[in-house]
Amino acid sequence: MENQEGKKEAKVVLREIVDKVYQSAWDAKNRGEPVGWSSSKFPAEIAEALGLAVCYPENQAAAISAKHGGQRMCEHAESLGYANDICGYTRISLAYAAGAESDERPMPQPDFLLACNNICNCMTKWYENIARMRSIPLIMIDVPYNNETEVNDDTVAYLKGQFQDAIRQLEKISGRKWDEKRFEEVCQNSNRTAKAWLKACSYCQYTPSPLSGFDLFNHMADVVTARSKPETAAAFEQLAEEYERAVKDGTSTLPYPEKYRIMFEGIPCWPELRALFRPLKAKGINTTAVVYAPAFGFVYNNLDEMMRAYCKAPNSVCIETGVEWREGICRENKVDGVLVHYNRSCKPWSGYMPEMERRFRKDLGVPVVGFDGDQADPRNFSEEQYNTRVEGLFELMEANKAGRK
Amino acid sequence: MSTIQELLSQFDAAAANPKAQLEKHTAAGKKAIGCFPYYVPEELVRAAGMVPFGVWGAEGTINAAKKYFAPFYCTIAQMSLELALNGKLDKLSGVIMPSLCDTLRPLTQNFRSAVPQLPFIFLAHPQNRHAPWGVEYTKSQYGRVKKKLEDIAGAPITDSALKDAIKVYNESRAARRKFVTLAGKHPEAVSPVQRSAVLKSAYFMDKAEHTALLADLNAQLEALPDAAWKGPKVLLSGILADSRNLLQILADHNMAVAADDVAHQSRAIRADVPDAADPMTALALQFAAQDHDVLLYDPELLKRPEYVVNLARESGAEGVIVLMMQFCDPEELEYPSLKQALDKAGIPSVLIGYDQQMKDFGQARTQIQAFADVLNARK
Numbered sequence: 001m002e003n004q005e006g007k008k009e010a011k012v013v014l015r016e017i018v019d020k021v022y023q024s025a026w027d028a029k030n031r032g033e034p035v036g037w038s039s040s041k042f043p044a045e046i047a048e049a050l051g052l053a054v055c056y057p058e059n060q061a062a063a064i065s066a067k068h069g070g071q072r073m074c075e076h077a078e079s080l081g082y083a084n085d086i087c088g089y090t091r092i093s094l095a096y097a098a099g100a101e102s103d104e105r106p107m108p109q110p111d112f113l114l115a116c117n118n119i120c121n122c123m124t125k126w127y128e129n130i131a132r133m134r135s136i137p138l139i140m141i142d143v144p145y146n147n148e149t150e151v152n153d154d155t156v157a158y159l160k161g162q163f164q165d166a167i168r169q170l171e172k173i174s175g176r177k178w179d180e181k182r183f184e185e186v187c188q189n190s191n192r193t194a195k196a197w198l199k200a201c202s203y204c205q206y207t208p209s210p211l212s213g214f215d216l217f218n219h220m221a222d223v224v225t226a227r228s229k230p231e232t233a234a235a236f237e238q239l240a241e242e243y244e245r246a247v248k249d250g251t252s253t254l255p256y257p258e259k260y261r262i263m264f265e266g267i268p269c270w271p272e273l274r275a276l277f278r279p280l281k282a283k284g285i286n287t288t289a290v291v292y293a294p295a296f297g298f299v300y301n302n303l304d305e306m307m308r309a310y311c312k313a314p315n316s317v318c319i320e321t322g323v324e325w326r327e328g329i330c331r332e333n334k335v336d337g338v339l340v341h342y343n344r345s346c347k348p349w350s351g352y353m354p355e356m357e358r359r360f361r362k363d364l365g366v367p368v369v370g371f372d373g374d375q376a377d378p379r380n381f382s383e384e385q386y387n388t389r390v391e392g393l394f395e396l397m398e399a400n401k402a403g404r405k
Numbered sequence: 406m407s408t409i410q411e412l413l414s415q416f417d418a419a420a421a422n423p424k425a426q427l428e429k430h431t432a433a434g435k436k437a438i439g440c441f442p443y444y445v446p447e448e449l450v451r452a453a454g455m456v457p458f459g460v461w462g463a464e465g466t467i468n469a470a471k472k473y474f475a476p477f478y479c480t481i482a483q484m485s486l487e488l489a490l491n492g493k494l495d496k497l498s499g500v501i502m503p504s505l506c507d508t509l510r511p512l513t514q515n516f517r518s519a520v521p522q523l524p525f526i527f528l529a530h531p532q533n534r535h536a537p538w539g540v541e542y543t544k545s546q547y548g549r550v551k552k553k554l555e556d557i558a559g560a561p562i563t564d565s566a567l568k569d570a571i572k573v574y575n576e577s578r579a580a581r582r583k584f585v586t587l588a589g590k591h592p593e594a595v596s597p598v599q600r601s602a603v604l605k606s607a608y609f610m611d612k613a614e615h616t617a618l619l620a621d622l623n624a625q626l627e628a629l630p631d632a633a634w635k636g637p638k639v640l641l642s643g644i645l646a647d648s649r650n651l652l653q654i655l656a657d658h659n660m661a662v663a664a665d666d667v668a669h670q671s672r673a674i675r676a677d678v679p680d681a682a683d684p685m686t687a688l689a690l691q692f693a694a695q696d697h698d699v700l701l702y703d704p705e706l707l708k709r710p711e712y713v714v715n716l717a718r719e720s721g722a723e724g725v726i727v728l729m730m731q732f733c734d735p736e737e738l739e740y741p742s743l744k745q746a747l748d749k750a751g752i753p754s755v756l757i758g759y760d761q762q763m764k765d766f767g768q769a770r771t772q773i774q775a776f777a778d779v780l781n782a783r784k
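Residue numbers (the working numbering), protein chains in the order written: chain W, 1 to 405; chain H, 406 to 784.
Among the clues, some could well be false.
As the list claims (entries may be wrong) - Among chain W residues calculated to face chain H with C-beta under 10 Å, some are:
(1) Gly81
(2) Thr90
(3) Cys122
(4) Trp126
(5) Leu138
(6) Met140
(7) Asn152
(8) Ala157
(9) Lys160
(10) Gln164
(11) Ser316
(12) Cys318
(13) Lys347
(14) Tyr352
(15) Glu355
These aren't lab readings, by the way, just hints derived from the structure by calculation.
Glycine included, C-beta positions come from ideal geometry on N, C-alpha and C.
Could you put the whole structure together from the sequences, leaning on the hints where they help?
In structure tokens, the structure reads:
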């Protein structure tokens, strides 16, 4: 798909970048080089600076789920003894690591693992399990949960110790020497990507929005798998330019007129993207706020700030910060309501939501409605319940609007 | 001198009625601090002249806490919040809440939102706890806890008070470990329910009093002649193993508890605080020495399943009962490795689901009965 100037559209470039990440991993494997599996918020800058090929199981699990392989893989993990209570991404990934095949998004088996529990503690056990299965080294960066709005110096010192240790271990695995200059370059790329990502997300503030918020869910793959690469930064800059032009031209990637604007809270139900979209389309609802915008905006100027940036993941910040992020994007992007996904796969995330719901209602004065689902396992989603809840949210938003008139 | 059964009754009374224990402390003019799972450095509370009081939920029904949690959360977290919302923790002067699992993370936030009147002390432990930077981090976080405890107590915690508290706690842990061994050797004298009561009561009683009583019990158990036990001996593994209903089913099938790998029991008392000039460093080193726990990252990946296998072998357990706390993903994620290690070692095991809202123990009874049959058939 090309735009008017004969240039590939940003969304095509972004898709190709992700494909290239996986292809590079296969190429590295074929050359006999070690390939890593990494959690999505592990400091990607380290492996990138050492030129190591890395794949991302969360991205793979989301891709497998979106292509309807989630249930098959989850059931395979259950047959190995993993309870169906465990996160769907984890079950899919463990099934794949144990040898279950997946044509949906194949990737080479790992030679080393990079886990960072800033996302959740489940990550620690998930990667321990893979390390056991495959007898490979696990590099673990622990980001303790933060009960305060600021990251304290003790945590920064602790992270620095781990960071230096991770570098030492990865030097051994890669057989390459740490190059501070290369690291700085990589950090610059990562910052450029983060800023461009945040800028692209910021176009949701326009009314009507030049984009469907669901586009951001798709583009997240790039922030997860390739944020340290210059081509990713360039592609997001291009995406932002395209949105800029769309605002001027009055066009949007949303395939229907925007009547209401909502925040979609949580990870989407990947196996059910169509089902999620259907009632929103029917009611003219656009998603103009997603928590992933601030969640992947790792912007920093030095090593200390980098440590602090990696402490700011949705499930590692306190409720005040979590509410502030969300209410910030709700206000900027002028939402009329909030749709909360009670994600059966994600205990830390869903665990704050009832309290957050109350705060959103009070602080923002908008209706908030929740539904039950799962990021990967379709057995935990009911389309009927979802439709009813969206209908309810729509009616509340209509009543609110009528009240304002 | 009290008899073994009289002593066991005293422990049982304390374990069964935490409310009375809490009132006893507050009536004596002591402040009590609620200590949540896992690995709260209770020594700091004692050194501040206050009483550490264990809060690991309670058996009951969740109502008020539903306002904060969807149903798919560990009942320890939900019931602890329920207790607070129902005023059952009102006599506490504060709580210390760690954040080692994905349910404790939101619990910390929900708890301080729901119960703002109760002074809240947050505790972050490091997973990379062995390296020097990990020990420093533990020390820094314990330092924060110490400061907040001093605020509640209204007086500083001195090094000498902390060293005294460490001594009391090391003695308590040693006495409890000794009891675990003796109870495993003498199931004819200590039933599974009584064994649990001795260990559980330590969470509610003054530790020095508990140790004094336990020293008496241990001495009498030690003096007992070796007795042959005809029923199967098992090792319990899980987060909690204090349900009277469940433990009674074990007794009904002539099962003895030889040892445990339970978070609320032996996992909590494995490591003593080492000698160190600075008592805060000593406490941090103790946490660094906590191992073989599903809640903690272990760079030696297969150490924990091997540990449980060895524990079963050394204690004479003929089988392992895994009491799976519903919705506990660390336990669930660890289970396949544990099962594999037990199978490889030829140790039979059974997985039994449990939560604090459980009222119908029919399925558990059937499973335990079948497991007893399996173990008896191997004799």
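Could you check if Thr90/W really has its C-beta closer than 10 Å to a C-beta on chain H?
-> Holds - the Cβ of Thr90/W comes within 10 Å of chain H, reaching about 7 Å at its closest.
Under 10 Å, Cβ to Cβ, is where Gln164/W needs to be relative to chain H, so tell me if that hint holds or is violated.
-> holds (9 Å)
Closest C-beta approach of Ala157/W to chain H relative to 10 Å, hint status | With a minimum Cβ separation of about 7 Å from chain H (threshold 10 Å), the hint on Ala157/W holds.
Report holds or violated for the interface hint on Ser316/W, using the least CB-CB distance to chain H and a cut-off of 10 Å.
-> holds (8 Å)
Against chain H, run the beta carbon of Glu355/W and see if the smallest gap drops under 10 Å.
-> Holds: closest Cβ of chain H sits about 5 Å from Glu355/W, inside 10 Å.
Is the interface hint for Lys160/W satisfied, with its Cβ closer than 10 Å to some Cβ of chain H?
-> holds (7 Å)
Under the criterion of a CB-CB separation shorter than 10 Å, is Trp126/W in contact with chain H as hinted?
-> With Cβ-Cβ at 7 Å, under 10 Å, it holds.
Does Met140/W meet its interface restraint, that is, does its C-beta lie within less than 10 Å of any C-beta in chain H?
-> holds (6 Å)
If you take the shortest Cβ to Cβ gap from Asn152/W to chain H, is it below 10 Å?
-> Holds: closest Cβ of chain H sits about 8 Å from Asn152/W, inside 10 Å.
Answer holds if the nearest beta-carbon of chain H is closer than 10 Å to that of Tyr352/W; otherwise answer violated.
-> Holds: closest Cβ of chain H sits about 5 Å from Tyr352/W, inside 10 Å.
At a threshold of 10 Å, is the proposed contact between Cys122/W and chain H supported by beta-carbon distances?
-> holds (6 Å)
Interface hint compliance - Leu138/W to chain H, C-beta minimum distance less than 10 Å | holds (7 Å)
Comparing the model with each numbered hint stated earlier shows that all of them hold.
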